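J.: These are the residues of each chain, in order.
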Amino acid sequence: MSLFIDIISWACILCGGFLGVTGAIGLFRFPDFYTRLHAASITDTLCAGLIILGLILQAGFTLMSLKLLMLLGIFAYTAPTASHILAKTAFKCGLKPVLYDQKGGGS
Amino acid sequence: MKTYVLVAILACFWMINSGYLKPLLLGAGVLSIITVLALTSFMNRKDGEAFPIVLLSRRLPGYLGWLVWQIVLANIDVVKRVWLGPASISPVVFRTHASQSSEAAKVLYANSITMTPGTVTLFVRDDVFEVHALTKEGAAEVQKGEMDRRVSALETV
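If you're matching them up, the sequences are chains A and B in order.
If you read the first sequence in the working numbering, its first letter stands for residue 1, the second for the next number, and so on.
If you read the second sequence in the working numbering, its first letter stands for residue 108, the second for the next number, and so on.
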């Protein structure tokens with residue numbers, strides 16, 4: 001049983017790690033500020049969620065897992081607020097997003 | 108009623124973070140809770156947003172479950188596009204209508220859009236949201252308005 005939990009937990013942690021790397025790569029690959037923000041939101045949501053879920057499974061039913069759960073809740077509140085403030089401020093300061101239409105339909 | 112719920116939430120918050128049952132630390136916890144209650148009652152005179160859970164609905168757990176599933180789906184889509192490269196994205200800025208009447212529900216809707224990877228709410232003007240989307244498909248998904256309907260449904264109960 002403990003082996004079973006270990007397997008699930010490590011699968012979660014490894015998937016989360018993979019998503020973290022993907023978010024970082026997206027941060028470099030995408031063309032402008034706003035699209036990079038979308039790449040960063042992978043790291044905010046599923047990456048953090050999977051890593052914390054994996055750690056909760058490792059911790060078992062203890063106070064530590066409750067703390068980790070609370071961390072997830074704090075992420076859920078702060079991450080969208082930060083993303084929204086960044087995007088809004090950038091837009092207000094006159095940073096124009098690169099749009100699909102302007103690129104001449106692709107590439 | 109709200110005060111009791113707030114005390115319960117704060118007490119849980121303290122116990123989760125501390126985990127000690129020593130009288131000194133419990134006393135410090137009680138003192139902190141009293142301080143926070145005093146602060147919130149002071150804040151309530153300015154606006155009614157001192158209570159953390161504004162949108163109490165019996166459909167809320169169902170909505171959160173659905174939201175998590177949407178976030179997982181959107182993550183898979185954005186991850187795919189990261190690995191496919193910049194050629195696969197089609198960024199758009201569009202407007203969408205928010206049909207919620209209360210501010211709390213609008214905030215929940217705007218935050219739900221932002222939390223889903225691939226879409227970020229830029230501006231909220233009355234009941235029109237300006238949204239930046241990574242792809243045309245993501246924009247179409249928001250404009251179909253399923254999330255909007257689900258958030259509005261939270262207001263009725």
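These are computed hints drawn from the structure, not numbers from a lab.
One should not assume that every hint holds.
To be verified - Pairs of lysine-lysine residues, derived as DSSO-like cross-links and limited to a Cα-Cα distance of at most 27 Å, are as follows:
hint	chain 1	residue 1	chain 2	residue 2
1	B	187	B	109
2	B	109	A	96
3	A	92	B	213
4	A	92	B	243
5	B	129	A	96
Note that the coordinates shown come from a computational prediction; the quantities given were computed from them, not determined experimentally.
J.: Each of the hints needs a verdict: does it hold here or not?
T.: Consistency of the hints with the structure:
1. A C-alpha spacing of about 45 Å is found between residue 187 of chain B and residue 109 of chain B, which places the hinted pair above 27 Å, so the restraint is violated.
2. Between residue 109 of chain B and residue 96 of chain A the CA atoms are separated by roughly 44 Å; this puts the pair beyond 27 Å, and the hint is violated.
3. With a C-alpha separation of about 21 Å, the suggested pairing of residue 92 of chain A with residue 213 of chain B holds against the 27 Å cut-off.
4. Restraint check for residue 92 of chain A and residue 243 of chain B: the C-alpha separation of about 23 Å stays at or below 27 Å, so the hint holds.
5. Under the criterion of a C-alpha separation no larger than 27 Å, the hint pairing residue 129 of chain B with residue 96 of chain A is inconsistent with the structure, at around 56 Å.
Taken one by one, the earlier hints fail for this structure at numbers 1, 2 and 5, listed in ascending order.
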